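Undergrad: Now for the letters of each chain:
Number of protein chains: 2
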Amino acid sequence: MGTLFRENIERMAGYTPGEQPSSGASIVKLNTNENPYPPSPKVAEALKNFDPAGLRLYPDPMGSEFRAAASMEHGVDLENVIVGNGSDDILTIATRCFVPEGGKMACPSPSYTLYRTLAAIQGAACVEIPLAADFSLPDDFAEQAEGASLLMLPRPNAPTGTAFAKDAVKRLCARFNGVVLIDEAYVEFADDNCLDLALECGNVVVGRTLSKSHSLAGLRLGYAIASNEIVSGMMKVKDSYNVNAISQRLGAVALGDSEWLAKNIARVRESRAKLISGLLALGFDVPESHANFVLASPPDGDAQRIYMRLRDEGVLVRWFDEERVRNYIRVTVGTANEIDFLLEALTRLVPQGERK
Amino acid sequence: MGTLFRENIERMAGYTPGEQPSSGASIVKLNTNENPYPPSPKVAEALKNFDPAGLRLYPDPMGSEFRAAASMEHGVDLENVIVGNGSDDILTIATRCFVPEGGKMACPSPSYTLYRTLAAIQGAACVEIPLAADFSLPDDFAEQAEGASLLMLPRPNAPTGTAFAKDAVKRLCARFNGVVLIDEAYVEFADDNCLDLALECGNVVVGRTLSKSHSLAGLRLGYAIASNEIVSGMMKVKDSYNVNAISQRLGAVALGDSEWLAKNIARVRESRAKLISGLLALGFDVPESHANFVLASPPDGDAQRIYMRLRDEGVLVRWFDEERVRNYIRVTVGTANEIDFLLEALTRLVPQGERK
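The listed protein sequences correspond, in order, to chains A and B.
Take the first sequence: its letters are residues 24 to 379, numbered as in this note's numbering.
Take the second sequence: its letters are residues 24 to 379, numbered as in this note's numbering.
Hint data in this document are derived by calculation from the structure and do not stem from the laboratory.
Just to be clear, a hint being listed does not mean it is correct.
No distinction is drawn between identical chains; accordingly, a pair holds when it is met within one copy or between any pair of copies.
As the list claims (entries may be wrong) - Computed cross-link-like contacts, BS3-like style, restricted to lysine-lysine with a CA-CA straight-line distance of at most 27 angstroms:
| hint | residue 1 | residue 2 |
| --- | --- | --- |
| 1 | 127 | 259 |
| 2 | 52 | 259 |
| 3 | 65 | 52 |
| 4 | 193 | 127 |
| 5 | 286 | 189 |
| 6 | 286 | 65 |
| 7 | 189 | 127 |
| 8 | 297 | 52 |
| 9 | 297 | 286 |
Predicted model only: the values in this text are computed from it and were never measured.
Okay, chain A solo, but in the shape it has when bound (with noise of 0.2 angstroms):
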């Protein structure tokens, strides 16, 4: 029965997310970049009294007070924001809208790895363009870019966590003839945003999400900004009802209030660079990370070693088992105690003579 599937969607894999125990289990989960802080009280508040009866009814299409709220953070027109399942949702509108069958999208190579699936989904090409040695876009990306109708930018990068520098990334957004899509969702921990650039240039979308700075992954909601025109040739493409009422309600929520964000986002850059010299003393190699993760080499290189051994522990980090980063562990930055925790396996787990 295999001749059922699409040919493109018969040979791919899935994409594979990250491991999601069982909520019994005694875990320190570090391997899927979530906020180990709460939602605001205010998205509680919400949640309590959002009335189960008027769930009988369709959510806004639009996602108005979502946008609302994401207007008024932003200082944009509601025209030029669209709102997702997820930042994941506005990745596959991106795809569908700008990516025909037999064509090319382009990513930096390492990077998200779900441009690839969507890709593949789409039956398209994924032209994955190496990084220089340390992340950063190399001169001629632009031209490797070249005949690709879209090109996803993750901004700070997964699974590097390192931030492309801004002057570079506004050089190849004019010099790219496609859409540059920059994936922002981790950007509310990084020092600078892409924003701008959305308003500035007619062929850039800038995708954001709440799953990581406001702690609502499992509440599933992203959203885009970017030019009218872009984004009501995205509106044909997006469910109409992509997004569900209880999500609106709370997202609209969380998106104002910016006082738990900022406390959060304090909270999780102050226990980042714990992490990070931690890892520093231990001898591991750290490229600078503008995320709420950390990309991490150990000294003898052996990163499925460490991630294997920290998982007997009770420790989940994320190993991809990809060029270029084969020989790091991927850490989600936890509470100061996880941190600790995760920072006292280590010592255990690599030999003294090695550490720097």
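Guided by the hints, dock chain B onto chain A, whose structure is given.
TA: Chain B in isolation, oriented as in the chain A frame:
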């Protein structure tokens, strides 16, 4: 900048969902086939008990709790169930799995106009096969569908409310070379269903939703039942986190409360009978409805006038400017009071001389 989009996206119009008046408006809303009764009290309870702190974590990508509930409810294996962000998500996943760009989807006409939109997004043709005068399947339906790789077959059909004879559907599934998606969005209001075909035939997917029957349109929760092979292929195209944590939890609870479902279905069927007899008494032509809505043509055939006048009187019904159904309004089965209100308004709008 128009050329940034794929040509098929540039050319198409988006899907137009039924109007969602702002919640403050005092309106009798019989336009989008929502259930007039609230969801199960157990759903309300589960919502109240949902721990907002858990929202910081990603939801289960497999939807295991919900799959288990569906598997229990329908007596199928877990591997026969895939969850969707509403059953529209299931329709999208199937389109992306089975219909290549430049390929063909088939569906009856008139039927759910979203099928046409999904084919357009995919860059595929949509072969709309005219139903017989009584909205049944014409004998040569399979021949007309030939060459399509996916056939969307809503049963009960929308917007007609009619149900194709099951033996005709079974023969069609056996004769059609591609995948048949039997869209059972309204099946709980009908006398029988086609779940057995999903398990017996290797090319059948049955789509379900909790939007109508379980009063959970606002939650976005649908699912499909099919062979292990089809489900595991569709899993590759499904977004890993397509259904949020709250919807998974509440959906599982809703599916488990079959008592509430039965009670609600009985109430809707009772109101449907009342609505139909009222419409017939006013001289409307009413095809036999197996859904939670009724298609009805006024004596003079001027359905648009009725639609507009009802709107003036604060009653929203649906009117489609589409061949074959232009002379009909589609009325969602509301509460007994809403039906009374509608029938009173219609009594004023339909000249006495025209009534049967």
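Undergrad: State for each hint whether it applies.
TA: How the hints compare with the structure:
In this homomeric assembly, residue 127 and residue 259 come within 27 angstroms of each other (Cα to Cα) both inside a single copy, at 21 angstroms, and across copies, at 20 angstroms. In this assembly of identical chains, the alpha carbons of residue 52 and residue 259 lie at most 27 angstroms apart only when taken from different copies (25 angstroms versus 38 angstroms within one copy). For a Cα distance limit of 27 angstroms, the shortest separation of residue 65 from residue 52 inside one copy, 25 angstroms, qualifies, whereas the shortest one across copies, 31 angstroms, does not. In this assembly of identical chains, the alpha carbons of residue 193 and residue 127 lie at most 27 angstroms apart only when taken from the same copy (21 angstroms versus 41 angstroms across copies).
Taking the closest pair of Cα atoms, residue 286 and residue 189 come within 27 angstroms of each other only inside a single copy of the chain (25 angstroms); across copies the shortest separation is 60 angstroms, beyond that limit. When the C-alpha separation of residue 286 and residue 65 is checked against a cutoff of 27 angstroms, the pair qualifies only within one copy, where the shortest distance is 14 angstroms, while the shortest distance between copies is 36 angstroms. For a Cα distance limit of 27 angstroms, the shortest separation of residue 189 from residue 127 inside one copy, 25 angstroms, qualifies, whereas the shortest one across copies, 44 angstroms, does not. With identical chains, the CA atoms of residue 297 and residue 52 are at most 27 angstroms apart within one copy only, with a shortest distance of 18 angstroms there and 56 angstroms across copies.
Proximity of residue 297 to residue 286 under the C-alpha cut-off of 27 angstroms is restricted to the intra-copy arrangement: shortest distance 17 angstroms within a copy versus 58 angstroms between copies.
Violation of the numbered hints given earlier is absent; every hint is satisfied by the structure.
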